[in-house]
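Asker: Sequences listed follow chains A and B, in order.
Its first residue numbered 15, the first sequence is counted upward by one per residue in the numbering used here.
Its first residue numbered 23, the second sequence is counted upward by one per residue in the numbering used here.
There's no promise every hint is true.
[Claimed, not checked] Straight-line alpha carbon distances no greater than 25 Å define the calculated SDA-like cross-link-like pairs of lysine to any residue that follow: (1) B:Lys63 to B:Asp339; (2) B:Lys314 to B:Ile178; (3) A:Lys210 to B:Lys63; (4) A:Lys39 to A:Asp67; (5) A:Lys124 to B:Ala368; (6) A:Lys116 to B:Pro372; (7) A:Lys124 to B:Ala152; (8) A:Lys124 to B:Asp167; (9) B:Lys196 to A:Asp71; (10) A:Lys124 to B:Met369; (11) A:Lys210 to B:Glu391; (12) A:Lys210 to A:Val280; (13) A:Lys49 to A:Phe64; (14) A:Lys39 to B:Asp384; (15) A:Lys62 to B:Val226; (16) B:Lys360 to B:Gly160.
Simulated from the structure, these hints should not be mistaken for lab results.
These are the residues of each chain, in order.
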Amino acid sequence: MTAEKMALAKAINESLRTALDADPKVLIMGEDVGKLGGVFRVTDGLQKDFGEDRVIDTPLAESGIVGTAIGLALRGYRPVVEIQFDGFVFPAYDQIVTQLAKMHARALGKIKLPVVIRIPYGGGIGAVEHHSESPEALFAHVAGLKVVSPSNASDAYWMMQQAILSDDPVIFFEPKRRYWDKSEVNREAIPGPLHKARVVREGTDLTLAAYGPMVKVCQEAAAAAQEEGKSLEVVDLRSMSPIDFDSIQASVEKTRRLVVVHEAPVFLGTGAEIAARITERCFYHLEAPVLRVGGYHAPYPPARLEDEYLPGLDRVLDTVDRSLAY
Amino acid sequence: MTVESTAARKPRRSAGTKRTAAKKPPGSQPDLVQLLTPEGKRVENGEYDAYVADITPEELRGLYRDMVLTRRFDAEATSLQRQGELGLWASLLGQEAAQIGSGRATREDDYVFPTYREHGVAWCRGVDPANLLGMFRGVNNGGWDPNSNNFHLYTIVIGSQTLHATGYAMGIAKDGADSAVIAYFGDGASSQGDVAESFTFSAVYNAPVVFFCQNNQWAISEPTERQTRVPLYQRAQGYGFPGVRVDGNDVLACLAVTKWALERARRGEGPTLVEAYTYRMGAHTTSDDPTKYRADEERQAWEVKDPIQRMRTYLEDSNHADEGFFAELEAESEALGKRVREVVRAMPDPDHFAIFENVYADGHTLVDEERAQFAAYQASFADEGEGK
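Please build the complete structure, drawing on both the sequences and the hints.
Answerer: So, in structure tokens, the structure goes:
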């Protein structure tokens with residue numbers, strides 16, 4: 015019974031359940047997380063089993079959710095708050111950036127802020143405005159925050175456990191279009207460190223680096239490229255702050271080419287940071303400039319256009335070809 | 023000078039409650055809780071007398087002492103800023119009664135969430151005044167362990183701390199403890215969304231928190247009329263908890279009203295909003311110039327309501343303090359000033375590597391990497407200096 019197959023959303027649910035069971039200081043907070051179980055049902059059944067005092071439905075006020083979570087953390091609790099959708103995090107952005115991220119340093123390390131902020135993010139589900147964004151770079155840019163995103167059920171389960179155990183605030187981006195994707199979860203495995211990247215497919219000709227919802231796209235791209243005789247390695251970053259540059263570097267030293275793929279706009283995004291650092295670290299190994307595939311410098315488009323906006327198989331493969339052509 | 027506002031804001035000596043009657047809607051004349059008149063006469067108050075009924079002469083002298091020493095500390099800090107020893111200072115001049123009265127109402131296990139001007143409350147909580155100066159001198163961004171005195175870090179973003187206070191109070195309730203929380207903010211902060219959200223959350227969860235608004239009439243250059251159309255204490259009603267306006271220059275009234283509100287919180291009756299009606303006698307911070315935005319007559323009208331003089335008159339008239347007490351306090355006050363001067367001037371610049379300290383509790387590879395780069399860069403200078 016060590017491994018069982020479950021959907022990514024279910025894995026997070028199970029992870030939260032495990033955490034609630036293990037530590038009475040763990041709290042779940044957010045809009046609709048109680049009776050409804052969250053709009054994606056990620057917290058389904060938790061209030062029923064742990065009570066309204068542990069799984070707390072909140073007023074509809076994001077700054078209030080994060081701000082009170084900070085106060086609860088100061089009192090010794092470990093709140094896990096849900097921001098219903100990516101685009102709704104901005105009313106809480108002030109609390110996250112000016113308060114949550116800095117308080118540990120301001121108190122000379124005397125207080126800890128173990129707050130996890132869960133944000134279902136990204137597109138591909140045909141949603142309306144403010145429901146499909148990828149604002150991870152805005153958080154990764156802020157010192158004091160950790161920013162992670164799982165790409166599969168197993169990571170979702172384990173990374174959530176690690177995020178809750180962390181004494182630092184963690185922004186936990188959940189790839190909402192992968193919520194229903196199933197994979198094996200081994201609850202007895204010993205997970206690697208939260209910030210560690212992982213090679214999810216070995217290859218020799220080029221490295222694709224991605225995280226969250228784009229890992230699957232990259233794996234599919236690598237499979238398609240295989241048919242054309244190209245061997246692509248896929249690295250799942252898992253963490254955007256910190257970024258495991260060592261693992262990317264090791265892969266690039268082997269393949270000599272790197273393409274970074276994310277849904278967020280390319281401009282000043284996670285890919286830009288990776289391109290700069292890997293160019294610095296692997297200058298004499300690279301056969302081509304680091305290329306990026308991602309969203310455009312435009313508001314996330316209406317749902318009927320999102321397939322044009324989001325990186326798909328063809329855009330990834332097209333960029334792979336550009337890299338290989340150098 | 024802003025002629026229009028000066029005319030409309032002509033001060034009235036009768037009470038601190040009706041400065042701009044013409045601008046205020048009818049029916050908003052507030053009840054001001056007062057136990058000591060500006061002339062230092064003790065007046066009866068059926069509702070709140072009970073909360074100071076058993077106060078001893080020694081405790082009364084203690085309140086006076088707190089206010090005098092806090093004012094001395096504040097004056098010293100202002101001077102030190104003028105001498106270039108502090109980058110900035112936010113003076114509490116005029117607000118001593120509001121801070122000492124409310125601060126002395128707290129119990130040791132209560133938790134205080136201040137803004138950046140609560141030097142008097144910090145004093146009551148036993149925070150070393152020197153600790154308050156680090157941030158203003160630029161040697162740290164906070165500088166103390168909030169848990170050592172249950173006094174949170176100064177918060178500069180207006181109103182953010184009211185939510186932290188509410189969350190902390192929710193935690194107290196979950197723990198089944200009977201402690202309470204007090205959150206300080208100003209009339210300007212009352213316009214912030216976070217303050218409104220803290221009212222909502224605290225009411226909904228019945229959190230044991232007292233919101234202590236020091237309405238000092240000015241948010242830098244913006245008067246209270248730019249923040250609200252109704253007296254601030256009345257806001258509470260819309261959220262479903264009581265609001266009280268207290269004479270913020272009356273230390274006894276501030277003590278009594280805050281005690282009442284904290285006891286309500288302890289009994290599980292939820293939040294209270296206390297509006298301490300007071301006046302900021304100085305600038306918002308040493309960076310602004312109040313003569314550009316407010317009339318001198320207004321300041322003069324508040325001078326006669328001075329919280330310290332009023333308490334002194336009361337102590338003298340009631341024979342609770344003699345000349346020896348005042349002389350001793352004067353000497354203590356001078357000694358405090360001297361100590362503050364010395365402490366500030368001796369405050370060392372932080373170690374360069376402090377930049378990288380405590381960014382994360384669990385560590386972070388990027389911080390480690392940049393610390394190492396910084397160390398190498400620093401070391402390169404050391405090598406040059408040694409002529410290697």
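Asker: The structure should be examined with respect to each hint, and the outcome stated for every one.
Answerer: Evaluation of the provided hints:
Between the alpha carbons of B:Lys63 and B:Asp339 the distance comes to roughly 9 Å, so the proposed pair stays at or under 25 Å and holds. Between B:Lys314 and B:Ile178 the alpha-carbon distance is near 23 Å, which keeps this suggested pair within the 25 Å criterion. Taken as a hint, the A:Lys210 and B:Lys63 pair is broken in the structure, with Cα atoms around 70 Å apart against an allowance of 25 Å. Distance restraint check for A:Lys39 and A:Asp67: the Cα-Cα separation of roughly 11 Å lies within the 25 Å cut-off, and the hinted pair is therefore satisfied.
For a cut-off of 25 Å, the pair hint linking A:Lys124 to B:Ala368 stands: about 24 Å separates their Cα positions. For the hint linking A:Lys116 to B:Pro372, the alpha-carbon distance of about 18 Å falls within 25 Å, and the restraint holds. With a C-alpha separation of about 18 Å, the suggested pair A:Lys124 and B:Ala152 falls inside the 25 Å cut-off, and the hint holds. With a C-alpha separation of about 5 Å, the suggested pairing of A:Lys124 with B:Asp167 holds against the 25 Å cut-off.
For a cut-off of 25 Å, the pair hint linking B:Lys196 to A:Asp71 stands: about 15 Å separates their Cα positions. For the proposed pair A:Lys124 and B:Met369, the alpha carbon gap of about 20 Å is at most 25 Å, so the pair holds. With a C-alpha separation of about 15 Å, the suggested pairing of A:Lys210 with B:Glu391 holds against the 25 Å cut-off. Of the supplied pair hints, the one linking A:Lys210 and A:Val280 holds, its CA atoms being roughly 23 Å apart against a limit of 25 Å.
Distance check on the hinted pair: A:Lys49 and A:Phe64 sit about 12 Å apart at the alpha-carbon level, within 25 Å; holds. For the hint pairing A:Lys39 with B:Asp384, the CA-to-CA distance comes to about 19 Å; that is within 25 Å, so the pair holds. Restraint check: the Cα-Cα separation between A:Lys62 and B:Val226 comes to about 20 Å, which is no more than 25 Å; the hinted pair holds. As the CA atoms of B:Lys360 and B:Gly160 are separated by approximately 21 Å, the hinted pair is consistent with the 25 Å bound.
When the structure is compared with the earlier hints, a violation turns up for hint 3 alone.
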